[in-house]
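Enquirer: The chain contents come next:
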Amino acid sequence: MTLVKENPAASASGRARLLLARPETGALVGALVVFAFFAALSEVFRSPAGIANWLDPAATLGIMAVAVAMLMIGGEFDLSTGVMTGSTAIVTGLVATLLGWNVWLAIGVSLVFAVAVGLLNGYLVMRTGLPSFIITLGSFLMLQGLNLGVTKLLTGTVLIRGLADVPGYHSASMVFASTVSLFGGAFRVSVLWWAALTVLAVYVLRRTAFGNWVYSVGGDVRAARNAGVPVVRTKITLFVATAVAAWLVGTITILRLTSIQANTGIGQELIYIVAAVIGGCLLTGGYGSAAGATLGALIFGMVSQGIVYLGWDADWFKFFLGAMLLLAVLTNQFVRRYAEEARR
Amino acid sequence: MTPLLEVRGIGKRFGSVVALADVSTRVSAGTVTCVLGDNGAGKSTLIKILSGAHRHDGGEYLIDGSPVRLGSPREALDLGIATVYQDLAMVPLMPVWRNFFLGSEPRKGWGPLRRLDIARAKEITRRELLDMGIDIRDPEQPVGTLSGGERQSVAIARAVHFGARVLILDEPTSALGVKQAGVVLRYIVRARQRGLGVIFITHNPHHAYPVGDRFLLLKRGRGLGEYGRDDIGVAELTRLMAGGAELEQLGHELAGYGDAAERLEEEVTALAAPVESEDEQP
Numbered sequence: 001m002t003l004v005k006e007n008p009a010a011s012a013s014g015r016a017r018l019l020l021a022r023p024e025t026g027a028l029v030g031a032l033v034v035f036a037f038f039a040a041l042s043e044v045f046r047s048p049a050g051i052a053n054w055l056d057p058a059a060t061l062g063i064m065a066v067a068v069a070m071l072m073i074g075g076e077f078d079l080s081t082g083v084m085t086g087s088t089a090i091v092t093g094l095v096a097t098l099l100g101w102n103v104w105l106a107i108g109v110s111l112v113f114a115v116a117v118g119l120l121n122g123y124l125v126m127r128t129g130l131p132s133f134i135i136t137l138g139s140f141l142m143l144q145g146l147n148l149g150v151t152k153l154l155t156g157t158v159l160i161r162g163l164a165d166v167p168g169y170h171s172a173s174m175v176f177a178s179t180v181s182l183f184g185g186a187f188r189v190s191v192l193w194w195a196a197l198t199v200l201a202v203y204v205l206r207r208t209a210f211g212n213w214v215y216s217v218g219g220d221v222r223a224a225r226n227a228g229v230p231v232v233r234t235k236i237t238l239f240v241a242t243a244v245a246a247w248l249v250g251t252i253t254i255l256r257l258t259s260i261q262a263n264t265g266i267g268q269e270l271i272y273i274v275a276a277v278i279g280g281c282l283l284t285g286g287y288g289s290a291a292g293a294t295l296g297a298l299i300f301g302m303v304s305q306g307i308v309y310l311g312w313d314a315d316w317f318k319f320f321l322g323a324m325l326l327l328a329v330l331t332n333q334f335v336r337r338y339a340e341e342a343r344r
Numbered sequence: 001m002t003p004l005l006e007v008r009g010i011g012k013r014f015g016s017v018v019a020l021a022d023v024s025t026r027v028s029a030g031t032v033t034c035v036l037g038d039n040g041a042g043k044s045t046l047i048k049i050l051s052g053a054h055r056h057d058g059g060e061y062l063i064d065g066s067p068v069r070l071g072s073p074r075e076a077l078d079l080g081i082a083t084v085y086q087d088l089a090m091v092p093l094m095p096v097w098r099n100f101f102l103g104s105e106p107r108k109g110w111g112p113l114r115r116l117d118i119a120r121a122k123e124i125t126r127r128e129l130l131d132m133g134i135d136i137r138d139p140e141q142p143v144g145t146l147s148g149g150e151r152q153s154v155a156i157a158r159a160v161h162f163g164a165r166v167l168i169l170d171e172p173t174s175a176l177g178v179k180q181a182g183v184v185l186r187y188i189v190r191a192r193q194r195g196l197g198v199i200f201i202t203h204n205p206h207h208a209y210p211v212g213d214r215f216l217l218l219k220r221g222r223g224l225g226e227y228g229r230d231d232i233g234v235a236e237l238t239r240l241m242a243g244g245a246e247l248e249q250l251g252h253e254l255a256g257y258g259d260a261a262e263r264l265e266e267e268v269t270a271l272a273a274p275v276e277s278e279d280e281q282p
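Sequence order for the protein chains is Z and A. Take the first sequence: its position 30, counting from 1, is numbered 30 in the UniProt record's numbering, and each next residue is one higher. Take the second sequence: its position 179, counting from 1, is numbered 179 in the UniProt record's numbering, and each next residue is one higher.
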């Protein structure tokens, strides 16, 4: 606790320190440094085509990171997010290709499925009082099994294909998987979804009463309950929002590929959490930012593609990611100590 | 004048255990009633009855002169009885203004654009805290950066803003240092000046005496007597609370243990003798 000593004479620096204490500051600095680094070394990286290229993986990751960040601010984890991007795509694919339903209808069925899984995760966590880590680990494993089992059972393979032949595919594809040419770069429409979702999440967290509740249920659930915050409803809503974000990513994925592997998305859940933490989320909840999570995803996208442009071995990507994570956690630790320190 | 809140011969049993029996007191607008007692004296049972967490099973509980049976803290709150517990309903990592309005956020706009009225929330927070004499440097700073006394005071200001007429303060000074306790005592006086009835629970007579108008002493779940400010001094209060005989006996016991014990004995004697209070009223 000797890191920050409050000096009344130097309280002019208080405002500056308050700014420093914003959760996304670290991620913003990190994103700028990473961009400058790769942009200086690689011409392709800073060209429109290159930018479109690294924005693409950042977008699908960012959609999830924003939702996961909100859930983490609310004090919960969801390990089923990765597999859910696969499950929702599989539901869409099966309904559309096996039943021959219109793609839009299949997407609707998949949305209902996502909401149901989110409700179940949230209900079980709130009802049992067990850590969400364990509950969602259970649903993760169950869904992983279901994805493979059901797909093999119904198609005889681990791949669902042929979505392009189903009615409604083209209009749905326009909305979820089209490409926009801008300055010679082919930008994916998923980038727009990502941007819209980030704006929405920032607005909800900072500007609405619900956002206030999210921070409070993650910060001190007993205090929130005493103050009259509907704790159970708030947390379950966050689980549902996370599942719906996975549905969006799943839909984008299957419409882009017109086919889906039964093991899609597995292993991604930790990457989402990493992006949220790089963006300033505390693992203990009650602190973090949606904009930060988006910056975390941006860093991720820039590094994953930047390393390729520089011709480095892709192994370095994992090393870099781990280093970023450690750095972010240390910074967050410092910030929280500062915020919780009493001025006496 | 009808007291805001009054209990007559109130009692509570848990099975065959009598937690509280035959306790009477009252608090009027603009006065402070102190409830004093050692651990296990029945203070928390009394607060829980007053704040609606427990239902009394003997005697009468009157608010504004009419008998009530409270079923929940929410009912008490609706009648203007607010309780500020020692472990506060505050989220340390959230800004002061967000904490102030947590669960009762002011909103503007309608439909999907219904949003927090941030400017108004900050403005009200600043004004209400200033009224209590707390100068918050910035309502945006996290509650965790406030001192213990300031945090208690924000909780008090919040209760006042949301319509409390009677404030029940559960041991607000017990976890604080001398200086911080002084801060809280000051706000108790301010709340009294604003016309609130305050019930101040404490086990420290030196905190109670400077701010209290009436003193209710509890021991083993029973009232040991209720005194007006003019009827009793701080020394007598202390003696009654700890039990004068017990203190003397402790002194004699310690006399047998040499030097350190002698100093302790002096302390104990000093505690029982009249003392100038360290926390003066503003």
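No wet-lab data here; the hints were simulated from the structure. Model, not experiment: these values are computed from the prediction. It is possible that part of the hints are untrue.
[Claimed, not checked] Short derived list, chain Z residues pointing at chain A, Cβ under 7 Å:
(1) G50
(2) G184
(3) N212
(4) D220
(5) A223
(6) V229
(7) T284
For every residue, glycine included, the Cβ atom is placed at its ideal position computed from N, Cα and C.
Enquirer: Hints first: check each against the structure and report whether it holds.
Expert: Here's how the hints hold up against the structure:
no. : hint : verdict
1   : G50  : violated (37 Å)
2   : G184 : violated (38 Å)
3   : N212 : holds (6 Å)
4   : D220 : holds (5 Å)
5   : A223 : holds (5 Å)
6   : V229 : holds (5 Å)
7   : T284 : violated (9 Å)
Of the numbered hints stated above, those contradicted by the structure are hints 1, 2, 7, listed in ascending order.
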